[in-house]
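Visitor: Letter by letter, the chains look like this.
2 protein chains.
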Amino acid sequence: MQVLSQQIAGAIEKSSWIRRMFETGMEMKAKFGAENVYDFSLGNPDLPPPAAVAAALVEIAGTLDQPLALGYMPNGGYPEVRAKLAKELAAEQECELTGQHLILTCGAAGALNAFFRATLEPGDEIVCPAPYFVEYGFYTGNFGGVLRPVPSRPLTFEMDLAGIDAAITAKTRAVIVNSPNNPCGVVYSAEELAELAAILAKHTAANGRPIFLISDEPYRFLTYDDVVVPPILGIYPYTVVAGSFSKNLALAGERVGYLAANPAMPDVAALMGGVTMTNRILGFVSAPAIGQKILGAALGSEVDVSIYARRRDAMAKVLTEAGIEFSMPQGAFYFFPKAPGGMDDKAFVDLLMAENVLAVPGSGFGFPGFFRMTFCIDQDVIERSGPAIARAAAAARQ
Amino acid sequence: MQVLSQQIAGAIEKSSWIRRMFETGMEMKAKFGAENVYDFSLGNPDLPPPAAVAAALVEIAGTLDQPLALGYMPNGGYPEVRAKLAKELAAEQECELTGQHLILTCGAAGALNAFFRATLEPGDEIVCPAPYFVEYGFYTGNFGGVLRPVPSRPLTFEMDLAGIDAAITAKTRAVIVNSPNNPCGVVYSAEELAELAAILAKHTAANGRPIFLISDEPYRFLTYDDVVVPPILGIYPYTVVAGSFSKNLALAGERVGYLAANPAMPDVAALMGGVTMTNRILGFVSAPAIGQKILGAALGSEVDVSIYARRRDAMAKVLTEAGIEFSMPQGAFYFFPKAPGGMDDKAFVDLLMAENVLAVPGSGFGFPGFFRMTFCIDQDVIERSGPAIARAAAAARQ
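Heads up: the sequence lines are chains A and B, in that order. Position 121 of the first sequence, counted from 1, bears residue number 121 in the numbering used here, the numbering being contiguous throughout. Position 311 of the second sequence, counted from 1, bears residue number 311 in the numbering used here, the numbering being contiguous throughout.
Hints in this document: simulated from the structure, not taken from any laboratory. Each hint should be verified, as a subset may be incorrect.
Since copy identity is lost for identical chains, a pair holds within one copy or between any two.
[Claimed, not checked] Derived lysine to aspartate or glutamate pairs resembling DMTMM-like cross-links, with alpha carbons at most 20 Å apart:
hint, residue 1, residue 2
1, 14, 65
2, 346, 23
3, 31, 344
4, 171, 121
5, 346, 380
6, 29, 96
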């Protein structure tokens, strides 16, 4: 007898490529030894948290003799942490933001789920440029939403704005962008975003129903070559930003993020009331108490990003020497190269796997013909993987 | 233009009584001074965490120089914490449980949401004895489910098993019980649960589709007068248990709980695979890393429950002296008395409010004519509230 719903049973059968690679990686490491497997599959930020995080933990420990020390707080989060974060975001987004315009959430993933629960009617559509973070399909599907990806232009990965314009219907509830992008590392330009905002304003007026612009930006802090991620919150009335401290504070497992709304949004108070409620009723209640307190103490600190910059260069060298085509990531910690020899991406990932190299096929991100390799792994592993990757690429070109 | 979905906009309008009281309480405390308001509205466990929690935090702080110290873990939780918890639950539930039969979740609320996401088809019905924890309607409604409460028998609050039997249809997916119960403090007996299991087995066979028995038991540890909460996981093949450490470790804000399944469930592996996935795609990813580590270190510790026992006695004295009818709670930290003089519960709560006493109407728990008062507040407040409550009761009887 069926214990799972049809949708979840089906989703498990298709499964996520990233998780499948994670599991294959565990098996291969057990078999061949961890040092002989080059695992570029999972984006698990591997730098230790900045020192301010440990200092905050010790300080929190000293307060636990108080009643309610780790008890429930308001569903939007501790007011003083919200206020502090609002000040930082106001500068970053060049927007008059207060603590009333953001809630603390269980990572960016929690922010997106709370937002979709609060705003989607069943059958609503969410447009996104592809390649896209594979979980978006699940987050929207949790509440009856349907993802409508629009392929960007290889190899620059600029958005196909005409394509997005054409994909918007009366059922479109949001467009979601992720910049710096997972998996392709692109940072969308201010000009692209302004054009996108104009398209959304046009359709919102025509539909008589807001189409939200969602900016999912856990990698905003992580760019290279002085690339700046343009502010987005204030460029369009119905913009919301989801962010997290998984990467810059290396807190992925502790689940601290936020959802912020443009203070100039008509009915912004209603939206914030809605997401505050859905933050509660989805079971999050709020972001975890200790994570919130850490954020309050460590906001502004970050991991040593120069380590990621050096790894990016090492990875670029390996790919170049293997004759693999790619565009240099402007941010985040992923390469999204083209499968060599015009090969199918899954077939090429199999060739890599035969060399003990784990990568994720682009099909998993709605973009076949490409593959993703993370560089949040030891630089030594990146450098040692060179010959194996070159052999796989040579085999693909044969 | 409508920024919220119709369902959420409607839910906010109805709002939760508990939250409304919370907000009213804040206003009243600002106006009259906190010491002049008797706030029995919100069940925010107010004892400090046991000393093991602070010790665990300091120990965790010492490990943060390691890569991935707070990074992603498997979506079911850290394997060693799962294994440790499984051992404890196996003893508690008298059931052969391993770490594979439970996942760590964002509190019991996260466990229930992950479970409903994994198992519900839109339109599925969930039966529960009333009074019931008000959030159940939201948790099921998040995924298209519909709650079907069946009133228990006042004042003992024994389940109406014939009524539950009659409420089950082809669309019933689960029955959810909460014991010790919020709001009424009842502990269901082994006999009642066995009879309930037999009813579910009969309908499951008839429907050809499992009807789950969900036991939501964050208060299992908190009983009085040597009452024991009977084991439930093994009494019926399709049982799952949701629990949390919000109350016994005073960690409500840090969000650590679990979902465990009967190891003897047919397809238990499929169910666990499903909830592991929904734990991820709802944005929880897993329980928060620090909370999991605290649990691993502090499991078995608990707050000083004798404090709750003394408060219960003080509260019983206040109610008795006011001439208010109630059944003594066997567990948890709530009284659920009858509104005196046969008065409407909301009207009586208004009378209490006029005396600066905050309580929640039973209508908010699907049980009109009664009201809830928590006793997880200072004993001094309970004792000082006596005259005010007596005045309100006298007014109600006039």
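Visitor: Could you work out which earlier hints the structure fails to respect and list their numbers in ascending sequence?
Guide: 1, 3, 5, 6
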